[in-house]
Amino acid sequence: MTPRRRKRLTMIVVLVVGIGTAAAIAISALQENMLYFIAPSDVQAQPLPADRNFRLGGLVEAGSIERDADSLHVQFVVTDGVHQVPVTYAGILPDLFREGQGVIAQGRLDESGVFHAREVLARHDETYMPPEVAAALERSGAPHGVVE
Amino acid sequence: MWKRLKLAFHKLGSPPIFYRFAQTLIPWLWSLTGVGLAVGLYQALYVVPPDYQQGDSYRILYVHVPAAWQAMATYLIMAILAIIALVWRIRTAEIMAMVAAPIGAGFTLICLVTGAIWGEPMWGTWWAWDARLTSMLILLFIYLGIMGLYAAFDDHRQGAKMASVLVLVGVVNIPIIHFSVDWWTTLHQGSTINLFGPSSMDPTMLPPLIWMTVAVKFMFAAMLLQRARNELLAQDQRKQWTKRLIGDLIE
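Chains as they are written, first to last, in the numbering used here: chain A, 1 to 148; chain B, 1001 to 1251.
In case anyone wonders, no lab produced these hints; they're calculated from the structure.
Backbone N, C-alpha and C define an ideal beta-carbon position, used for all residues, glycine too.
Treat the hints with care, as some may be off.
[Said to hold, decoys possible] Chain B stretches covered by chain A per the calculated footprint, using a threshold of three residues with CB under 8 Å from any CB of chain A:
| # | segment |
| --- | --- |
| 1 | 1084-1092 |
| 2 | 1161-1173 |
[Stated by the list, open to error] 25 Å max Cα-Cα, derived BS3-like pairs, lysine-lysine:
| # | chain 1 | residue 1 | chain 2 | residue 2 |
| --- | --- | --- | --- | --- |
| 3 | A | Lys7 | B | Lys1006 |
| 4 | B | Lys1161 | A | Lys7 |
| 5 | B | Lys1011 | B | Lys1239 |
| 6 | B | Lys1161 | B | Lys1239 |
Could you put together the complete structure from these sequences and hints?
What follows is the structure, given as structure tokens:
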């Protein structure tokens, strides 16, 4: 390698390392703001002001869904396995919404600790399998799907 | 062996030799692409079982995932070509790096659009400003920026030099895209396919993904060589080797 090429290569390495460092610093400074949602445990650990908008993420607790018979009103509990937050929502839910499913709700907490959602999104997990496999897993008692 | 490789590398730097090399390779690459896409799409749409939660909607991943991987792989290949272009000033490497950008932008766009189409029924939204989706959108803008910067110079070599620096600046985004789902909470799910460890996809669903991924690699190689050949021809239209080539064609 000629000295000239070596110099160019060095400059490239310096450039890439420099930008990488700058990006790492910027990203670590943004850390909290880059989170798309927070878990019920985070809500418990650091209560937010009642009028503050945020996204709550977790699993829909089994057996907690209560639908209103003659409106789109629905109530359910979001859990991360440790803490729970009751959620109330009026609107159309995504196809994947069901018990045990990961969901992200955007809204705010009221004084009594109930989360009023304006939007509910389903969060899909990274597991893909045919229905027969899922059924077989269920029969054998192995947990499948939604693990966060 | 090393010497022969080095010789081949230097030979490919010569436009006429590269032109002929690409010409021989392109039909083969397109044929392999066609076979791979045909088998992959057939399996994806008719052979593999539906998903236990998503039913048939998940089948879009057989386009989405290979496109996303290729969007990122294209960037890494472009970055390697940009280093070769900046350090050794090899013109065919410059041209290959520059013509790779629109291909990468295309795959990024396919990834974003198929993701949105899947997201609407599954998540309940077309778009979310989470770390994965946003960093992928930034990748698209970086590709467009590289294309724009290259096109802004009248002198192709000067343009390629400047755009190559931009390519290297943008490399930092690739690990951010990849790790975004691990570093932050995102709406986008984590990685399903792990090269080092168990994948969370049932083995019966994997073959079309492999077919499609390999087919897309061949498609990329074919498009890259084809575009590089066209760009060389356009830039060298007054050069001796092009005239000789055209002379051969007329005879």
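Hints and how they fare:
| no. | hint | result |
| --- | --- | --- |
| 1 | 1084-1092 | holds (count 3) |
| 2 | 1161-1173 | holds (count 5) |
| 3 | A:Lys7 with B:Lys1006 | 21 Å, holds |
| 4 | B:Lys1161 with A:Lys7 | 16 Å, holds |
| 5 | B:Lys1011 with B:Lys1239 | 18 Å, holds |
| 6 | B:Lys1161 with B:Lys1239 | 22 Å, holds |
The structure shown violates none of the earlier numbered hints.
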